[in-house]
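> Quick mapping for you: the protein sequence lines, in order, are chains A and B.
The opening residue of the first sequence carries number 2 in my numbering; numbering runs sequentially from there.
The opening residue of the second sequence carries number 2 in my numbering; numbering runs sequentially from there.
Each hint should be verified, as a subset may be incorrect.
[What the hints assert, rightly or not] Computed cross-link-like contacts, EDC-like style, restricted to lysine to aspartate or glutamate with a CA-CA straight-line distance of at most 16 Å:
1. B:K90 with A:E26
2. B:K152 with A:E13
3. B:K151 with A:E46
4. B:K151 with A:D63
5. B:K152 with A:E46
Source of the hints: derived by calculation from the structure; they are not laboratory data.
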Amino acid sequence: MTVAVFEVFRQEKRGAAFAHAGSVEAPDATFAQAFAHEQYGRRQESVALWIVPRGAIHAVTDFHDELEKTYHRVDGYSLKAKLKEARERAGTATP
Amino acid sequence: MDAREQEFVEYVQSGGQVETSDWMPDDYRSKLIRFIEMHANSELMGVLPEREWILRAPTLQRKLALTAKVQDEVGHAQLIYRVVEDLGKPREQSLADLISGKAKFHNVFHYPTKTWGDVGVIAWLVDAAAIISQKALLKCSYAPYARIMKKICWEESFHILHGRDVILTLMNGTDEQRELVQEAVTRWWAPLMHFHGNPILGDQDPMYVWRIKSQSNEEARQQFLDGYVPQIWELGLTVPDPKLRKREDGVWEYTEPDWDELKHVVTGHGPKTAERLDLRRRFLEQEAWVREVVLAEAA
């Protein structure tokens with residue numbers, strides 16, 4: 002029997018997102034909970050913990066943007082020049 | 002150094018951070034393991050000088066605070082050994098190397114804790130020196146270590162307050178108590194000056210080249226002197242170095258520390274090295290059954 006690694010996520014206050022805190026090594030989930038409770042919650046720094054076997058996590062790290070789809074991002078919209086032109090057309094531009 | 006390594010060095014030197022699953026040069030990995038393992042060892046060995054005083058602490062409040070501090074430091078050791086494990090060295094191996102004397106731990110934990118004054122000075126000044134190093138590690142190129150340092154620094158800040166409280170209480174007490182603090186400062190000055198290491202230049206220190214450390218040894222020491230010598234002086238305490246002074250350009254001058262002593266101590270020849278490693282060894286053996294039972298239970 003060997004020990005396994007459990008990743009620990011903690012919530013700092015109610016309503017906040019759970020953020021990765023670190024990991025603990027434990028023979029099973031019960032021990033993992035006890036260790037995580039000691040390591041990441043003994044000073045009231047967390048209101049809740051998620052304890053997840055490392056193997057259960059599927060990491061995705063490739064995010065390509067070959068087509069440079071700027072139309073679905075805020076940086077795809079540069080309004081400054083157009084707004085200026087529109088104001089000039091309407092006669093509301095400040096000098 | 003091949004092109005890929007060169008690119009890696011440039012990446013970390015420009016502030017890039019590395020995750021466990023990223024490719025890294027073998028030399029970077031082995032330096033990381035050595036550095037982080039020594040840090041973990043120091044947290045684990047660092048509780049021993051204080052542990053000796055839990056039963057002798059003057060009040061219940063102090064016993065509780067000291068116990069909490071010891072628990073924190075052991076907790077730090079556990080977090081940091083985890084980081085080492087993810088880099089490829091199992092905790093059992095780290096502990097075996099520690100008790101066999103193969104692996105190192107910080108110089109300050111090789112010295113005796115003679116009086117309650119020493120306990121105060123350790124919690125105040127040794128922890129202050131440590132937190133300077135640790136804060137610089139928040140920018141470590143190895144991200145999992147940098148992340149865990151955030152939690153550690155947060156807990157260390159309580160330790161320094163606890164230390165200052167012990168010292169201020171003694172300083173506001175009797176002449177005998179003030180004498181106790183002065184003797185402790187005098188005793189701990191040399192180890193404190195050794196703490197940040199010899200003044201090797203940053204670009205010659207592989208730990209800095211790889212951005213495992215984000216500042217040179219001397220920068221850390223200067224920061225310590227600048228932050229804490231005025232705090233020592235304002236209490237009417239003196240530092241046992243007649244050359245110590247702040248120059249007009251802001252740099253602190255001091256008597257060259259005895260670097261041979263530092264080397265001698267950290268290679269396992271400190272006044273308390275053997276005794277404390279023996280204690281660690283005894284506890285590992287004594288508690289072996291707990292690990293066996295837990296693992297058998299979970300099987």
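> Against this structure, judge whether each hint is valid.
Hint by hint, here is what the structure shows:
{"no.": "1", "hint": "B:K90 with A:E26", "result": "holds (14 Å)"}
{"no.": "2", "hint": "B:K152 with A:E13", "result": "holds (13 Å)"}
{"no.": "3", "hint": "B:K151 with A:E46", "result": "holds (13 Å)"}
{"no.": "4", "hint": "B:K151 with A:D63", "result": "violated (28 Å)"}
{"no.": "5", "hint": "B:K152 with A:E46", "result": "holds (10 Å)"}
Against the hints set out earlier in the document, a violation occurs for number 4 only.
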